[in-house]
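Participant: Listed here are the chains, written in short residue letters.
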Amino acid sequence: EADIYQTPRYLVIGTGKKITLECSQTMGHDKMYWYQQDPGMELHLIHYSYGVNSTEKGDLSSESTVSRIRTEHFPLTLESARPSHTSQYLCASSEWGQGTEAFFGQGTRLTVV
Amino acid sequence: AQRVTQPEKLLSVFKGAPVELKCNYSYSGSPELFWYVQYSRQRLQLLLRHISRESIKGFTADLNKGETSFHLKKPFAQEEDSAMYYCALRLDSNYQLIWGAGTKLIIKP
Numbered sequence: 007e008a009d010i011y012q013t014p015r016y017l018v019i020g021t022g023k024k025i026t027l028e029c030s031q032t033m034g035h036d037k038m039y040w041y042q043q044d045p046g047m048e049l050h051l052i053h054y055s056y057g058v059n060s061t062e063k064g065d066l067s068s069e070s071t072v073s074r075i076r077t078e079h080f081p082l083t084l085e086s087a088r089p090s091h092t093s094q095y096l097c098a099s100s101e102w103g104q105g106t107e108a109f110f111g112q113g114t115r116l117t118v119v
Numbered sequence: 043a044q045r046v047t048q049p050e051k052l053l054s055v056f057k058g059a060p061v062e063l064k065c066n067y068s069y070s071g072s073p074e075l076f077w078y079v080q081y082s083r084q085r086l087q088l089l090l091r092h093i094s095r096e097s098i099k100g101f102t103a104d105l106n107k108g109e110t111s112f113h114l115k116k117p118f119a120q121e122e123d124s125a126m127y128y129c130a131l132r133l134d135s136n137y138q139l140i141w142g143a144g145t146k147l148i149i150k151p
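Protein chains in written order, with the numbering used here: chain A, 7 to 119; chain B, 43 to 151.
Warning: the hint list may mix true and false statements.
[What the hints assert, rightly or not] Non-contacting residues of chain A with respect to chain B, defined by C-beta distances greater than 10 angstroms in every case (computed):
| # | residue |
| --- | --- |
| 1 | Ile19 |
| 2 | Gly22 |
| 3 | Glu28 |
| 4 | Lys37 |
| 5 | Asn59 |
| 6 | Gly64 |
| 7 | Asp65 |
| 8 | Glu69 |
| 9 | Thr83 |
| 10 | Thr92 |
| 11 | Ser100 |
| 12 | Gln104 |
| 13 | Gln112 |
[Stated by the list, open to error] As a list, the in silico DMTMM-like pairs of lysine to aspartate or glutamate whose alpha-carbon atoms are at most 25 angstroms apart:
| # | chain 1 | residue 1 | chain 2 | residue 2 |
| --- | --- | --- | --- | --- |
| 14 | B | Lys146 | A | Asp44 |
| 15 | A | Lys37 | B | Glu50 |
| 16 | B | Lys115 | A | Glu107 |
| 17 | B | Lys51 | A | Glu107 |
| 18 | B | Lys64 | A | Glu85 |
| 19 | B | Lys146 | A | Glu48 |
| 20 | B | Lys146 | A | Glu107 |
| 21 | A | Lys63 | B | Asp134 |
| 22 | B | Lys107 | B | Glu50 |
To be clear, the hints were calculated from the coordinates, so they are not data collected in a lab. Here a beta-carbon is modelled for each residue, glycine too, at the ideal position from N, C-alpha and C.
All chains, full assembly: derive it from the sequences and hints.
Facilitator: The structure is reproduced here in structure tokens:
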């Protein structure tokens with residue numbers, strides 16, 4: 007079944023650790039996104055990609071990096087996690103075209119202690 | 043600059059009462075508006091889009107370009123409508139989505 011998957015769902019790590027949040031979609035979508043969302047707040051775009059080998063920074067400044075080597079895979083990496091990175095991270099994908107919807111993963115709730 | 047405003051963080055109404063969740067946008071281009079919903083412990087999902095002019099789960103929303111609004115309405119609220127609702131604006135320049143802060147809707151029995 008076509009879907010978008012994020013792992014892990016929950017992650018608690020220590021300051022200074024390197025982490026990678028995984029996002030994969032089986033929908034064949036070219037466009038993928040990473041959002042950061044604090045509880046009860048709006049979504050902030052931190053990275054997006056239009057396709058393989060395309061990555062762009064979003065509106066919210068982030069110390070994370072992303073890669074897009076394969077269409078279906080869009081991992082997000084933090085080289086050195088800090089408590090300020092504690093948040094929920096949502097991955098999404100969509101097709102091109104007017105009216106197309108964004109499909110979201112379940113999210114990864116990251117806590118840096 | 044483009045912006046989406048949802049003035050109510052929390053809206054609480056009784057079952058059977060009408061519901062209106064407000065959304066205003068600021069954008070100089072051609073707006074494309076969406077409402078997304080997140081039920082408890084579920085992922086964020088599309089509720090409706092202005093281009094479709096459809097009614098989903100009894101909800102409707104009309105794009106009013108004069109008032110730059112895209113309010114979400116339902117004539118008779120049901121308990122299962124309790125959720126977080128987000129209004130989003132898609133930019134025609136780069137297809138990015140600009141999000142409102144969300145409104146938590148609580149339907150009281």
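Participant: Does each hint hold? Answer for all of them.
Facilitator: Against the structure, the hints:
A cut-off of 10 angstroms between C-beta atoms confirms that A:Ile19 is not in contact with chain B; the least separation is 23 angstroms. With a closest Cβ-Cβ approach of about 31 angstroms to chain B, A:Gly22 is found to remain outside the 10 angstroms limit, as its non-interface label requires. With a least CB separation of 16 angstroms from chain B, A:Glu28 remains clear of the 10 angstroms interface cut-off, as annotated. Distance check for A:Lys37 against chain B: the nearest CB is about 7 angstroms away, which does not clear 10 angstroms, and the non-interface claim fails.
At roughly 18 angstroms from the closest C-beta of chain B, the C-beta of A:Asn59 stays outside 10 angstroms, upholding its exclusion from the interface. Separation of A:Gly64 from chain B is inadequate, the least Cβ-Cβ distance of about 8 angstroms not exceeding the 10 angstroms criterion. For A:Asp65, the condition that its CB be more than 10 angstroms from all CB atoms of chain B is violated, with the nearest at approximately 8 angstroms. Against chain B, the non-interface label of A:Glu69 holds: every CB pair exceeds 10 angstroms, the least being about 21 angstroms.
Residue-level check passed: A:Thr83 sits 22 angstroms from the nearest beta carbon of chain B, beyond 10 angstroms. Once the 10 angstroms rule is applied to beta carbons, A:Thr92 is consistent with being away from chain B; the minimum gap is 19 angstroms. Some Cβ of chain B comes within 10 angstroms of the Cβ of A:Ser100; the nearest lies about 8 angstroms off, and the non-interface call is violated. For A:Gln104, the condition that its CB be more than 10 angstroms from all CB atoms of chain B is violated, with the nearest at approximately 6 angstroms.
Consistency note on A:Gln112: stated as away from chain B, yet its beta-carbon is not over 10 angstroms from all of that chain's, at 5 angstroms minimum. For the hint linking B:Lys146 to A:Asp44, the alpha-carbon distance of about 14 angstroms falls within 25 angstroms, and the restraint holds. Among the hinted pairs, A:Lys37 with B:Glu50 is inconsistent with the structure: their alpha-carbon atoms are about 31 angstroms apart, more than 25 angstroms. Proposed proximity of B:Lys115 and A:Glu107 is supported: the alpha carbons are some 20 angstroms apart, at most 25 angstroms.
For the proposed pair B:Lys51 and A:Glu107, the alpha carbon gap of about 24 angstroms is at most 25 angstroms, so the pair holds. For the hint linking B:Lys64 to A:Glu85, the alpha-carbon distance of about 40 angstroms lies beyond 25 angstroms, and the restraint is violated. Among the hinted pairs, B:Lys146 with A:Glu48 is consistent with the structure: their alpha-carbon atoms are about 12 angstroms apart, no more than 25 angstroms. In summary, the hint linking B:Lys146 to A:Glu107 is supported, as the alpha carbons are separated by about 21 angstroms, within the 25 angstroms threshold.
At most 25 angstroms may separate the alpha-carbon atoms for a hinted pair to count; A:Lys63 and B:Asp134 meet this at roughly 18 angstroms. Restraint check: the Cα-Cα separation between B:Lys107 and B:Glu50 comes to about 21 angstroms, which is no more than 25 angstroms; the hinted pair holds.
Of the numbered hints listed earlier, those contradicted by the structure are 4, 6, 7, 11, 12, 13, 15, 18.
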